[in-house]
Amino acid sequence: MALRLLHFADLHLDRSFASERLYGVGAQRRREDLRAALQRIIERAKAAQADLITCGGDLFEHDHVTRETASFVVQTLGDARLPVLIAPGHADPALPSSPYRYLRWPENVTVAAHEDLRPYRYGDVNIWAAGFMRPDVAEAALRDFPRREAGTHLLLLHASDMSAVPEGVTPYKPILPAQVEEAGFRHALLGHYHDGTTAESITYPGSPEPLGWNESGRHCTALLTVDDNGDLQVLLEDINLRQFAQETIDVTGMTGLEQVRDAVMAMREERQLNGGVIRATLVGERDHRLTLDPQTLATECSDGFAYLEFRDHSRMSHDLEAAAQEFTSRGEMVRKLVDHKQGSRQEEEAVGRALQLALDAFDE
Amino acid sequence: MQLTRIEIEGFGSLQGMDLRFGPTMNVVVGPNEAGKSTLQEAIVTGLYGLQSGDRARSALVERADRWRPWQGGNFGLALEVVLEDGTQLRIERDLDAETVRVFDMSTGAELGDRFERDASGGLQVGRQLLGVSRDIYTNTACISRSEVLRLEDAGTIKEAIVALADSAHPDRTAQKVLDRLRQERTHRIGKPRGRTGPLHDLEARLTELERQLAAARQARAAVDELAQKRETVSALTEAELGIVQTLEAALLASRLQDARHRLERVDTLDHALAEERARQEEHTRFAMFPLDRQAEVQELRSHLRASRETQADFEGRAADTSAQVQQLEAERQKLDAEAQGHETRARGIDEAALGNEPAVRELLSTLNVADTQAPEVHLRAQAAAEEARRIAERHPGLIGNNLDWPARQMEFQRVFSEWHERHNVALEARRRAGAELPPRLEQLKHDIARYKEVPDVIKNGQQAEESMRREEAMAERARSRQRTFLGALLGGLLLTAMAILVAFLALQGGMPLPLSGAAFFLLGMGVLSTGIGIWVRGAAVREVDRRLRAKDEARVKRREILQPWGVRSSAELQQALVEHLQKVRYDATRLELDRQATELEERAQVAGRSLRELVGSWGLPQPAPTEEAVDGVAREVESLSQDTLAWNAASERSQDASRAESEMDQRRESLRQRLHSLLDQLGFDRREALGAARDFIASCEAARTAQQVRTRIEQLDAQLEQLRAPGQRSVAERAKADDYARQLAAVYAPAGIAETDMERAAQAWDAGVGHAEAYRASSARLTELEGQRGTAPNDEGASLRQLVDDLARQISEVSRGVDAAAVAEFAALPLAELERQRDQHRSSKERAQEERARAEELLNDRLTQTGDVASLEEEIATAREQLQELEAEAHAYDLAIETLEAAAKSVRRAVIPRLKSQLQGQLSPITNGRYRDVRIGDDLALQVRTQDQRTYKDVDNLSLGTRSLIYLLERLALARIIGGNAEPPPLLLDEALVHADRRRLSAAMNELGRLDHQVILFSKDEAIAERAEKGDDWTIIRLPGPALVAASAEEARANGSANPDQVEEEVTT
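Respectively, the protein sequence lines represent chains U and Z. Residue numbers for the first sequence, in our numbering: 1 to 364. Residue numbers for the second sequence, in our numbering: 1 to 1069.
Bound conformation, chain Z alone:
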């Protein structure tokens, strides 16, 4: 990229300035404070603006304050540039409003949307044009006087270069950054794998906190255990207390029950005595009743009752069965008649004939089934034949026995797939090949023809350039001779003067002859030397002029050779040739694609022909070679294939049904034959086989029914026999009963019972027996009760009642909250056992109470020691988080250090060969051919070597002038490397040649001229301007001094903005 013009509305000390730059070499000359540095900053600002990409806004504000116009007015500028492709851009910046506009100067179109924007929304013009940030541009492509002056210290070159390669900044080396990172890591985290430092301390603290938390949790667990124990002991105490209460209640209940029993017994005895005496009085008149004959009476009454019951039973049963007997006899007669009827219908069927009945039934049934199925089979055969005919009619002449359409469809699919695939591939290939090939081909042929000359042109151009360099070198050598012989001339003059002086002294003082001779000899030598010096220097001056002319001629020749191609150097033409070859390669690729597409289209056509022929051979119309037509045929073939399959299936079904019908007829005939044969054997008429078979089956059924009826008649005879027996038994039992009645009447008479009715007599006897027995029992009971009453006092009942009342009251007091069921259960135990258990549980309860008190005391004590778990957890969480952060930070530091180390190594490996290749060619000219070889160490330290030396010498040991020039070139080489493949940036060099003497200055300026970059050299040294005036490529811009600028500005202000031209005239070349 080249700067062509800058218009400064207002920027620092510069105001109303309009400068135009040359395409290659520019020198801006002006005294101190003329604004050279400001102009340099204005150029950078024009490209990048005030904002630096990675700096905060405050930096922008600072920069704006610094460069705001000193004299007031608008803060802005415009920069015009031309890009490598010839595009001319104008960048206008209003620095107050922080706006930028970019225009295409040839069209006037605004191009703002072609540039990306940074985070603050500003267009990244410089960044996009040059491919590097503002910082990198200023640190690499801009060299300031202060930076060059620093090189006076030995060793700084190496560090500055390393810093540039590391960070594109003159004093930030990767090593410094690594040292800083390591130092920070040690300070903030500790050394890697070290045993001291914040990380280690934090780990120790975390361990201690976790120990404290574990102890606190243990204490809490102990509290849990104690609380559990307390609960258990409490429950035990409560349980024991409940048991003791229950036992107390049970004890009282037991005593109460005992007292109640005693009271009840006393009351019962008194009551029983009184009752018993009253009862004895009621039975006194039966005291002499003959109780001794009671057993005899009971036996006779038993016999009598049994005989009567048996007699009644048989009589009842005889009465019950008389109706049944009559009914059975009638039924027997009816069955007899029925059997005779069945025997008549059986028509003499015997057991042997009955044995053949199942065979006749089966034959008859099978024959009936076959007759029923025959019409259905016939219909099925007809339907299948009809369906086959309908399918065949759909495709007349195309469906039949020998037409295998499914196989044809597979064949069609194969050919179709092949055609389809080739067709699509051809279409795709054609699409890739594109349609605009023919015109491009013509252009390609023209380009190839034109570029055939290029190698010769490059060769001629290179020869011209070589000639220019050679003439320049010769001119330089002549200049050197010129200087050398100037010395000789001066020496000769001095010698001549001395000789004249000596000769004068000799003439005056009469010096000896030899001395005078020597003086004249010296005089002669001096004159001779002066003459030679004048002659040789003159020749050298002439040679310099001649060489410079020759160089100019070579330049003109180069221009003539290269100008038609629109380039300035053979290298550019070489680059253009490379690009041309790339285009040729691209077009060749497209040609190949076209050839492939054509080949594929031919293959698709062959496949299409095969497809059409195949379809035609089957009697179908041949399709056009389009996807739609071929798809139509594919559908037709598929339909034929499916219908063929359906026709085949229908034909097969029809054949199967016909076959089944024939088999059915044969079977029916066979069955009829077998039935005829069997009926014939049984003696039935065979002419009507079905009717005869049905008659035979009916006769068999009648014979079986007659047999069953006869069996039933035999069963009825046996039943009648049994029903007639009870009448005979009842007569015998009546006689026995009468005998027992007579014996009982003989016993009742002595007891005063004269009743003839045996039932009433028995009741009177039983009443007498009851009274007599009651009298005897009362007597015995009275004797027993009087024995039990014994000698007890008469008031025992009253004292027992008092005791019962007392016990009941105590129980009601004790039993509150006590389980009544448990009390009842315990109350069943003996009193002594109850008392033993109560004492035992009472002591258990007291022990449990003591234990609970101890557990509560311990629990209260432990509860005060549990500590603040929440705070500990929070502290641990804090420590863990801090630890995590520190570990992450340590990892980040390690990663940064490790990556930066690797990156520095990697970059140096890549930079060193490129740096060397660039410096190698420049070293000789700037050192006047003294050093030709350069070596670059891993730490980017430069060493140089003369042709005749074997060892390399550190650049730091060279003279300041040489060192600074080497540094300058190395800086510029690095600028190109760091900038990558973007547009070569304009180089802004502020007094960068301050250390160069005239010879080095010239060499350096020559080397700068050979660079591909536009160079703008800022200097106060008029010698540079003078040197530049001799070169064709140099544009010289002179800046007026500060007073003039100030005066002009004031004048401009006084005249308004209408008169800025005066200043422009001063500063514009």
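So that you can see chain U by itself, here it is in the shape it has in the complex:
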């Protein structure tokens, strides 16, 4: 066999989950999940008897990475005792202040701290890699790259396949499958997209753990095998322990916390959310006897979840149409507020909330 390598990317160690509205212990646990994922990757590489581990960038987040995490990465990759080739990405560019530059990396770890594509030879295979030396690189990675004819050539890069840009993702280093083939590469091992996919000439393993509520795709490592005949095979294997999910629980008709808890447990079983990171939004019409405190609920119902948080969007039941027909102060208030319901979405929400507060106060 010519070469067997395990490829991963987009681990984003020390990521901030502020943009996902995930805070405190919940966020800290997710960062610990990411570290654990790196250890699992090393173990999987050893188990698969890989000759090499490649990383398609965004191993950590430069803006947030601590020295301790950097030391952890160095230690973990060093202990792997396998050659490791890293192509820095836009989140971990090889800036002067990057651990890639200021730390002494073990002999088995190679960081492609250069913007031009350079070959690294492993057995009979040439792996061409380049890294981000600054966070924003818009240039096309394979522009003016001369075609490689002889031998087996692979591409390792943090880049964006412009033929399949996921929604909401900012593309860096644009690349196309046709360019990969024209340049003579047998396959491109890429990073940047967090959903794992593999195609004829391009593989994104995805982030080893999901990093946000919208990352519902696959989260894998890619085992690439090149045999003596030069035939190539890519196998995506899921590696994530967590899944992020936003669920909705209708509390209409519930009168006690026990019922809410039962609904949460039923949701966990039905949706197979064991060990998941869950944001549950409570909706529907709340019974007058039901008091919903998200913190208490989270404590009560957290069994079986890695993280569970509640958001209360339920409301006391009010018949606005009927109230608006009353010739009373309450009815007049409802009419005025309903008429006021125009303009921005925030204003509409404020009016809706004002209605809820006032009608609740009338009912209590």
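One should not assume that every hint holds.
So, partial list: chain U residues that the calculated Cβ filter (under 8 Å) puts toward chain Z [said to hold, decoys possible]:
#	residue
1	His64
2	Thr328
3	Val351
Under 10 Å between C-beta atoms, here's a sample of chain U residues computed to sit facing chain Z [said to hold, decoys possible]:
#	residue
4	Gly24
5	Ala27
6	Phe327
7	His340
8	Ala361
Calculated from the structure, these hints are not laboratory results. Everything numeric in this text was worked out from a predicted model, so none of it was measured. A virtual CB, placed ideally from N, CA and C, is assigned to each residue, including glycine.
Fit chain Z to the known structure of chain U by using the hints.
Using the frame of chain U, we list chain Z on its own:
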């Protein structure tokens, strides 16, 4: 809306019950626990079901549990109602299955689809019939005993009324809600513009977190700077190290080069000495060669070579040109003959005649062009005339010079647009007016005639009603007199008794005469008083009866007056009149529309006539007044207009072409005249002008060619002169060369060279000179080399070779990774300079290494202080989100408070005048005329005033009976106001008159009777039933006691469901 019947299958304690209600006033009488409250709830449930609109399902379950039949059995009921428009509905509810069905009782049709459904899918029957929710109905139209009892506390009326106006609930005032909202806001967010509270604390925390994040980012920036510095210093160190290595290599290379140079020099000297000695040996025999005559020989050889070369050159050139000379001479003869031929063809053309050639050529050319164009112009004129004829044939007699169809089309468009617009407007007006007008008109005339009587009927009805009220008031006054004189009668009797006692005592005890007289006087007075009392009370009783009869007569009269119109009161008839007037207004509007439509149709016809006349005046057929026919004419006119334009254009083209043809002929003639005149001047025959002009041009061309040939012959003569010169020069050069050869032979002879051939002799001389010079050079070189060799030891070469080897090895060690080009560049420098630079860079490198070590130490130190930026960002995001939520919540609270305040003010402004107008008329009867005027404050506080008082008195200060009645009426007035314009709801009053004494009870019941609502009064007080029995409008329903109900239910269970009639008989009136 009126309830007519309720059938209860099972509801709480009531089972198998069937009750019918009167259209206006009903009283349900029964002892405690007879089920009056249950019946009231059953009525509400019949209308609305168990579900309350804005309550959770749990409330429904609670209510169902409460009202499920105590004795088991089906949980359900049916309610029959009649609406204001006479529709009779039956509402059947299966409360277990939570289903409801509504039927039209006259047709039996199910009307479920006419009612809207609530969120849980149930039909909103009560809501749609009465226009208010269940809560509002029960809070306004239903008054319970407990609520009335609460009025015993002063001040509660005001609060209860305010609460009703604010929330249609007896104890929820807007002020309480506002207080609660403000309290919640302060607790959860803080006071508006306050400096304490959760919002303020959160802002402070966010500021602190942002400060920490800024510090952390600053620390990271410092790390970036340090890392950059470290990189720079590292790069500097590496660069200095490279330079030092390069300089070391260059230094060694320089030394190596020096050693090699020395070694090479020693080897070269030894080798050169040996070679030079060998070379000198070869030239020894030319040591005496006459080298001093070398210059003379060189000069003579040079002269000889030059003369020979010149001679050969001229001879060659003479040979080269001889053929050319012959060729030129032949060519000259040929040209001479050609010139003579051209001169003959020129026929004596001179320079002056040649000057006229361009004019003749131009005239000839122009004339040719004109002749070519003439037929084309002629054809064009013919084609245009043909096209005009074809167009004219398409519309025989309609297209010609004086027929301006484009102008006619514009005129047609104007008239057509006017007709079209009027036509469409008329059609639209007719459509709006509708087609069913005539029958409706007849109905309208009939209605107008019938409703002319209505004002008189209303007047009569009002008089009857006024009479009823007057008689009632008089009867009441008589009752009052009756009561007053009953007191007088009793007083008289007491007085008589006392007088009898005194008289008896006087007779027994012998009282003095005056005292006895007084006693008898008292006795007389008592008898008189009693008699008067009996007489007056009797009169009052008779008057009451008389007044009540008169009232009944007035009622009968009112019924007779109003019954034909299908109404119960003059107010209803007045309402019907208003509706009738609205219908009249509607029909009048439709009549006006019809008139407008007719007028517009006439205008459209006038426009149509104008259009047809216009079209007829142009010789076209007149179209029918339809859009299709007129559109056809419009298309015809448009076609004529377009063809007229095409005919005009073709005619104009034809005229233009004819004009051009004529002009062309004139021009051709003029050109011919000018050509004749010119040829005549030049002496050519003018009769055939074109041929003569062509001959003239040919002669001119021949004359010009003859001139050109003569010029060429002159050029050939000059060229022949030059070609004959080289032959003459070659003879002179040969003589000079022979003289130089003789002088050279005289010089060669002393050197032993006897060759006659000058070339070979020259070679022999040159070889001798070479050898002689080599001998002399070898001698000088040997002397010089021996001088350079000097006194050096013989083994110097070996030691130098050893040095070179050592240096080469050192260089190979030092030069690994060093740029060879840079080394070569440095190696060119002097050794001392190299050593100086190496020492300088070596110290720079050591300094840079120290600096890098310091930067790394500092960087490591700072890296440990960078902090957890991710956590800080997350905390800040949390705080911002919480802040945003709190701000939104604060805004919502402020909005709710502000809107509720405004709403409360607005509603009170609207409610107060309506409440006052309703209460004003009712106050006097229920207070027995004591209070007639009512005032309502901004806080809905009620104040009343007697006719003779100037100040108002708070209702709270009135007696409980009066207060409760005022409250009752105010509640009912509010119920009507809150209910809006929907069907007047049935009023369910549970012991609502508990505080009323007999007089107030009567007044209150009278006032209830005057309301437009159906009233169902629940009471255990038989007096109410007795009072109701006296009124015509009252329906009395008696409920059996609980034991009877229970027994009946048990009996019913025992007999199965076949015997519920016994219970019904007990409860049905």
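Here is how each hint holds up against the structure:
1. Annotation: His64 (chain U) was flagged as interfacial toward chain Z, and the flag holds, the nearest CB pair being 4 Å apart, inside 8 Å.
2. Annotation: interface hint on Thr328 (chain U) holds; nearest CB of chain Z at approximately 5 Å, less than 8 Å.
3. At a threshold of 8 Å, the smallest CB-CB gap from Val351 (chain U) to chain Z is about 7 Å, leaving the interface hint in force.
4. With a cut of 10 Å, the hint placing Gly24 (chain U) at the interface with chain Z holds, because the nearest CB-to-CB distance is about 7 Å.
5. Residue-level restraint check for Ala27 (chain U) holds (minimum Cβ-Cβ distance to chain Z is 5 Å; threshold 10 Å).
6. Satisfaction of the interface hint for Phe327 (chain U) is found here, the shortest Cβ-Cβ separation to chain Z being roughly 5 Å, below the 10 Å cut-off.
7. Because the smallest distance between the Cβ of His340 (chain U) and any Cβ of chain Z comes to about 7 Å, under 10 Å, the interface hint for this residue holds.
8. Nearest Cβ of chain Z to the Cβ of Ala361 (chain U): about 5 Å, under the 10 Å cut. The hint holds.
Of the numbered hints stated above, none is contradicted by the structure.
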